[in-house]
Amino acid sequence: MKLYEQTAAQLSRLLQKKEVSSVEVVQSFLDRIEMVEPYVKSFITHTPAMALDMASSADSRRLNGEEMNPLAGVPIAVKDNISTAGLRTTCASRVLENYIPPYDATVIRALREAGMPLLGKTNMDEFAMGSSTENSAFYPTRNPWDLGRVPGGSSGGSAVAVSTGMAPLALGSDTGGSIRQPAALCGLTGLRPTYGRVSRYGLIAFASSLDQIGPLALTAEDSALLMNVIAGHDPLDSTSLPEAGPDYASGFDGNVKRLRIGVIRENVSDHFDPEVTSAVLKAIALLKEHGAIIDEVSLPLTDYGLSAYYLIAPSEASSNLGRYDGVRYGFNAGGDNIEEMFSRTRGRGFGPEVKRRIMIGTYALSAGYYDAYYLQAMKVRTLIRRDYESAFRRFDILIGATTPAPAFKIGEKTSEPLQMYLSDICNITDSLAGLPSLSVPCGINTDGLPLGMQLTASPLNDSLLLKVAGFLEQKRDPLPLRPVVKLPEGGVI
Amino acid sequence: MAYEVVIGLEIHLELQTCSKLFCGCGTAFGQEPNTNCCPVCLGLPGSLPVFNRRAIELAVTAALALNGDIQEESRFDRKNYFYPDLPKAYQISQFERPLSRGGCLQIEVDGNRREIRLERIHLEEEAGKLIHSGDSIMGSEYSLVDYNRAGIPLLEIVTAPDIASGREARIFLEDLRSVLLYSGASDCKMEEGSLRCDANISLRPAGSENLGTKTEVKNMNSFRSVEMALNYEAERQENILAAGGKITQETCHWDEEKKITVPLRSKEGSSDYRYFPEPDLLPLALDSSFIKNIAASLPEMPAARRERLKEQYGLSSKEAVLFTTNRQLGDFFEAAAQTYSSYKNLAGWVQGDLMYQLRESGRSIEEIDPLRFVELLKLLDKKDINRPVAKELLAEMVLNGTSPEKLVKEKSLGRISGSDRLQPLIEQVIAENPAAAENYRRGKDKALAYLVGRAMALTAGRADPGELTKLFKEQISR
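Heads up: the sequence lines are chains A and B, in that order.
Residues 1 to 493 in our numbering are what the first sequence lists, from first letter to last.
Residues 1001 to 1478 in our numbering are what the second sequence lists, from first letter to last.
These are computed hints drawn from the structure, not numbers from a lab.
Heads up, a few of these hints could be off.
Lysine-lysine pairs mimicking DSS-like chemistry, simulated, CA-CA at most 30 Å apart [claimed, not checked]:
(1) 1079/B with 1189/B
(2) 1383/B with 1409/B
(3) 1079/B with 379/A
(4) 355/A with 1079/B
Just so it is clear, the structure is predicted and the values come from calculations on it, not from any experiment.
Starting from the given sequences, assemble the full structure and let the hints guide the process.
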């Protein structure tokens, strides 16, 4: 088996036993990138030299006998909305096309300390606004399971990099499904941690009260290893949770006995793709077979959740994105006076979806509309939180499909924003409630596309999600870890 | 028709913290542009604010000193607008739930006590500073921006419309400054921009309860210009109303050179700041023991001190105000009063000759030893020295810190008295000024003063003038 085909946990073991060097590992992924990247376009910025440098420094630290994180030497790809000192961070936007941050995000510092080489910055929907990675200002990323389809979004680049073996791990960010939905569409495990569990410092804000950084990985164990690197309290983020994180990688004992699982009626729906629903039901049956207590639960506020989300997130975005005015950094379109400079810079610097959300958000916060839109949405958010609180008095985990359907075709929904928004319908409400939520693969449909199932827990129970996902990996019928990429010119890689 | 003036003030005050409100950058004034900056105060993408605990302590201190009702839970909001001095395109401020509600300040205007109520006090962040190549941002070839100031903690104090004249506004501001200086919350340096004031002003028929249409006056750079600007604006409004006109609600700029208010180009409608709760910060929860501890450590406030000075030392209103406004001078007075009980005399010397000598020498009051000062006054009281000598000694003491008693001994500056020592002097002066002596003899009283003056001059002011007068009178028989 080639190095790039290994999971992060496998690579970690090889590295710890000094059977391979990090430089060899990184080189394997760089070679793979060279081969696959032209077909899928996962990355915005490649950093091969930096990756090799960091790899060789990880190797010498290990040779010196330094106590190191298990993932030391295992490389990673990072979504391009996470600030990297000295390395351009674009948010897939023209407005930040040449922006080089002078500081590292807290998670990047954690990766550096752990000795994880950075392979590059991955493509995304501009400012993380989108569900297909088609809103990147540069180019769309393609789904390796079917190059004619989208990988999901907004963390599509990160998902595809892991899915194709261009990186063993990746960081994404999830505001309303941006980790879980592409994970489902690319056959990965994607965790949106409890809000406040992973520092947002250095994550370029889309919607501050919803954004969370999280791992995209091949397995639950890989996700857990990465959580051990990035989770924890950060004094630079006032919304960071004060509790120290647990060891996410321990306790994968494969036991779901007496685990109380609530099946969310609205997310295992007749309106969904039947293959999705049957894959989810099959996984639920498996859990039941192994002693989990299964019951149904309704979260009737889901419909309102989508509306509330599309008011709260754009409202915060309209404010967060005000700073891209051309004065201090990033794109500046010039103008005869300050107002012209502002409007030209923003008019030309932002893509249509970003502008649409800025306008929605500006409207929702405007005098005279604030009460009816923003405030009303915040009230709905509180009700959703209460709904979950009462559900978690009965259940340990809530379960449903991650997406109503598998990956859709490129261009299929770009002209219909509302259809695009609906692809996140299952991911929105737990985002609003700040809950940890994870997508785990649960099947492959007849077209050979991966299907995902979503598990949600109460705050700070991220590790429970990883354990249940790990259980499913072990007990279900085996699924391919990665796609065989069929090339348009024929042949496979 | 008689009108009454209604004024409300909005004061912005930089709090005296070492670091900014949401990051660790320094707050020192006068640094190289854009050197006290970091990703947070520059609003770089991805950066996040974190509370500066000291700023919150100082804000609570100031609000308590102004009798505000500190809210155990307050919240920060974003005030959104585009301007190049605002790095994030929003200012983190407090809108719906301020740090403190209510409060008041007692002031004294021409001997009458007035209570000015406060609406609210809240905490927010300062913006950067723009320097335009021309007059304004739209009329400039280019503008420069310095973000050193961006993120410095600002306290906004909003008064009720309780102020009735420009003069009252000035007195309010002076008293407010005293309170804030006493509390230690701010250095209140208007010239460095650490205290700024905008005003809302309207007129209404005397005795009416309804508020008239107001204008907002900005750009007043000193307490004096606040008084002048508001007096000017009140008169301008009165002239319009008296001529049957209507006031337009607008923002005016005080032109310091021309001494007039000039309406700014008004934009249609009012600006919409799209306030909403700042998602990057948790609500600010202050437990009651935190508030109580600060309240317990507050020093005596100026109004209380003023009253106490009058009562305890029998000082006049004017003196009490001086010793309150000039806190150090008042502290000096009180320290000296511990060992000197002629308070009126002490107060007179402190505000008169001592202040004069301080100005002359460039020394500050903190450098002067109140015990030495008392020494001097006691020498004078015992008639060991004369007033002119006392003044000389005071100058020497202020400049070099020399003990007056020691100086008297060293330079033998003691008073010359007794007819045996003065008789030869009398004779000498009469011999040298026969015409004056003759004039006095013929009934001109003024000539006597001249002769005494000559004798004083010859003894460098040390002779006892009373005794001299007596001896001259005896010597020159009319």
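Hint by hint, here is what the structure shows:
About 26 Å separates the Cα atoms of residue 1079/B and residue 1189/B, which keeps this hinted pair within 30 Å; it holds. Between residue 1383/B and residue 1409/B, the direct Cα distance comes to roughly 15 Å. Compliance with the 30 Å bound is thereby established for this hinted pair. Of the pairs offered as hints, the one joining residue 1079/B and residue 379/A holds, with about 21 Å between alpha carbons and a cut-off of 30 Å not exceeded. Our distance criterion of 30 Å between C-alpha atoms is met by residue 355/A and residue 1079/B, whose separation comes to about 20 Å.
Checked against the numbered hints listed earlier, the structure breaks none of them; every hint is satisfied.
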